[in-house]
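On the provided structure of chain D, position chain A as indicated by the hints.
For reference, the chains in residue letters:
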Amino acid sequence: MTAITQPMAIANRRRGPRLGRIGLHLTIGILLFIWLLPTLGMLVNSLRPAADVSRTGWWTALGSPGSFTTENYAHVLAQAGLGQAFINSLFITIPATIIPVAVASFAAYAFAWMNFRGRDALFILVVGLLVIPIQTTMVPILRLFRDLGIAGDFLTVWLAHTGYGLPFAIFLLRNYMGGLPREVFESAAIDGASPATAFFRLALPMSVPAIASLVIFQFLFVWNDLLVALIYLGASNAANLPLTVLVANLSNSLGGEWHFLMAAAFISMALPLIVFFGLQRYFVRGITGGAVKG
Amino acid sequence: MDDRLITALIVVIGVPSVLFGYIALTERLLMLAPDHWRVRLRPWVWLAPAVGFLTVFLVYPTIYTLYLSFLDKFSKEFVGIDNYVYFLTTSDTLIALRNNVIWLVLLTFLAVGGGLLVAILVDRVRYESVAKSLIFVPLAISFVGAGVIWKFMFDFRPPGQAQTGTLNGILGAVGVDPVPWLINAPGNTVALIIVAVWIWTGFCMVILSGALKGISTELLEAARVDGANELQVFRGITLPLLLPTIAVVATTMVITSLKAFDVVYVMTNGAFDTEVVANRLYKELFAFGQPGRASAVAIVLLLMIIPVMAINIRRFREQEAIR
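Residue numbers (my numbering), protein chains in the order written: chain D, 1 to 294; chain A, 1001 to 1323.
Some clues are possibly wrong.
From the derived model, a few chain D residues whose C-beta atoms are all more than 12 Å from chain A [unchecked claim]:
#1 Thr-70
#2 Glu-71
#3 Ala-74
#4 Gln-79
#5 Val-101
#6 Gly-234
In silico lysine to any residue, SDA-like type, Cα no more than 20 Å apart, as pairs [stated by the list, open to error]:
#7 A/Lys-1283 with D/Ile-134
#8 A/Lys-1151 with D/Ile-34
#9 A/Lys-1213 with D/Gly-179
#10 A/Lys-1283 with D/Arg-201
#11 A/Lys-1151 with A/Asp-1262
#12 A/Lys-1213 with A/Leu-1121
No lab work stands behind these hints, which were simulated from the structure alone.
Beta carbons: idealized from backbone N, C-alpha and C, even for Gly.
Okay, chain D solo, but in the shape it has when bound:
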């Protein structure tokens, strides 16, 4: 049924009066321009020699194409260990995204669709944990990792990022799963489906938009994380350090040289943007709509 109604719906939405459409495009255009202007400024500056950056505004360079250089990017890409750091970042980020999203979806399902004593109190506690500043947890946790003899392993950051990411993940998924229609789960139970089957066949597929946003954010936070990697990996095992640490060292050892940092920031944001773009197709209308009718 979605296959038939969707194109019609889109056609209807696009019908509106012509003037309204122009206003809509104009509003979006202005918003996008304001949002992009700061980044555009940095992109231009990252392509200029350091001396120019501190002397004149970035917009002056737009008039003289000859003043651009790729030197900053070349410097960052020539850093020793860049490829290794990139692979480390992937090794850290992929499990540190999969584990919390899976664990949170189990918990969210229990919070949304199972009855048990103390459910609300436990849920308040879980979401209340969102407010705990990560910095305050690091000393006791690091001591724990040392005692267990795993300090410096990838495992430590997978576990730590899971712990830190869970409150938000559970909060978001419980809200989404709780909003799914009761009839779906009731009819599944009548048909003899176990809670596990209902979870894998119904709750999970119907929550795809929420899971997709969660994957994006968790990926992003871990990918861009500096502090957790520095504390749990950095002290014990320099071979496992991710891209962010390499970039941070790059600007430190050169006394906060912004022009390298700018180039590095653009290189490092490429992958999160690809992930975001790739997951766009899961933000589509009608995933729940189809299941509800069924």
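Same frame as chain D, now just chain A:
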């Protein structure tokens, strides 16, 4: 190289199989239990991994923090509520508290409102995914990167010199004197909040847009066929259905403003009356060597969130009642 290969295998195959193996195995074990016990135990089986992680990584350190907050700077002598008294009677920390209130109001309102606006607007155009990706860009840049970007936006040179900051460049073009954005209080706190709004609007947009896609098209079409205009459709259908998600996003933004740290740390480090509570915590812990005071700050943050959570739970109860 061998090590890398093993790690890659663990990453791609090991981790997912452990996770799904856990549910498959425990469900099989539950089948062996008597009916009565199965129903009672099942929620805890599903919650156990989450509860385990949260206990080790957040609850245990917090209890430890609570304990430290009653001790002196060497974490030896018991000092009662001295650290809390210090926090609530020092003018620096009171300024931080006031600034957090400004953050809370402005960031929550602007980021959620902006995210909602963008989600609804781009839902109606063909280049939706491109537009959303562009609003999302600030989030993909690390906080340090964002700090550098906005230093160039707010950069200030005395009048007469060539301005390198974008905002003062624009002012110069229309003949207005440059403004030291990050120095004049309380405008500088607003300037920092604008940086946070620039980052977090994309976050709100993604989640709200996801919820927007969950609203059934038939419902909206039915309303339109019945003659409702777009504003009526929005107020009568879209907004009420989005409300639970708006609450989640707003709660997250409230917590983000209470924890606001990175932007302040990178751009002003709390100078010129821009201090916030989390930056204060960081300073007490790492610069002043005052773990007791830092712990008290963390506990105050934790207490501030309780009213917000109370509202959330009431909302969940209502949702429960109507579904």
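Do the hints match the structure? See the list:
1. Thr-70: At about 19 Å from chain A, D/Thr-70 clears the 12 Å cut-off, so the statement holds.
2. Glu-71: 18 Å, holds
3. Ala-74: 19 Å, holds
4. Gln-79: 17 Å, holds
5. Val-101: 9 Å, violated
6. Gly-234: 15 Å, holds
7. A/Lys-1283 with D/Ile-134: 14 Å, holds
8. A/Lys-1151 with D/Ile-34: Holds - the C-alpha atoms of D/Ile-34 and A/Lys-1151 are around 16 Å apart, at most 20 Å.
9. A/Lys-1213 with D/Gly-179: The given pair, whose Cα atoms are some 14 Å apart, holds under the 20 Å limit.
10. A/Lys-1283 with D/Arg-201: Violated, at about 49 Å.
11. A/Lys-1151 with A/Asp-1262: Measuring from Cα to Cα gives roughly 14 Å; hence the hint holds.
12. A/Lys-1213 with A/Leu-1121: Roughly 13 Å between the alpha carbons, so the hint for A/Lys-1213 and A/Leu-1121 holds.
Against the hints set out earlier in the document, violations occur for numbers 5 and 10.
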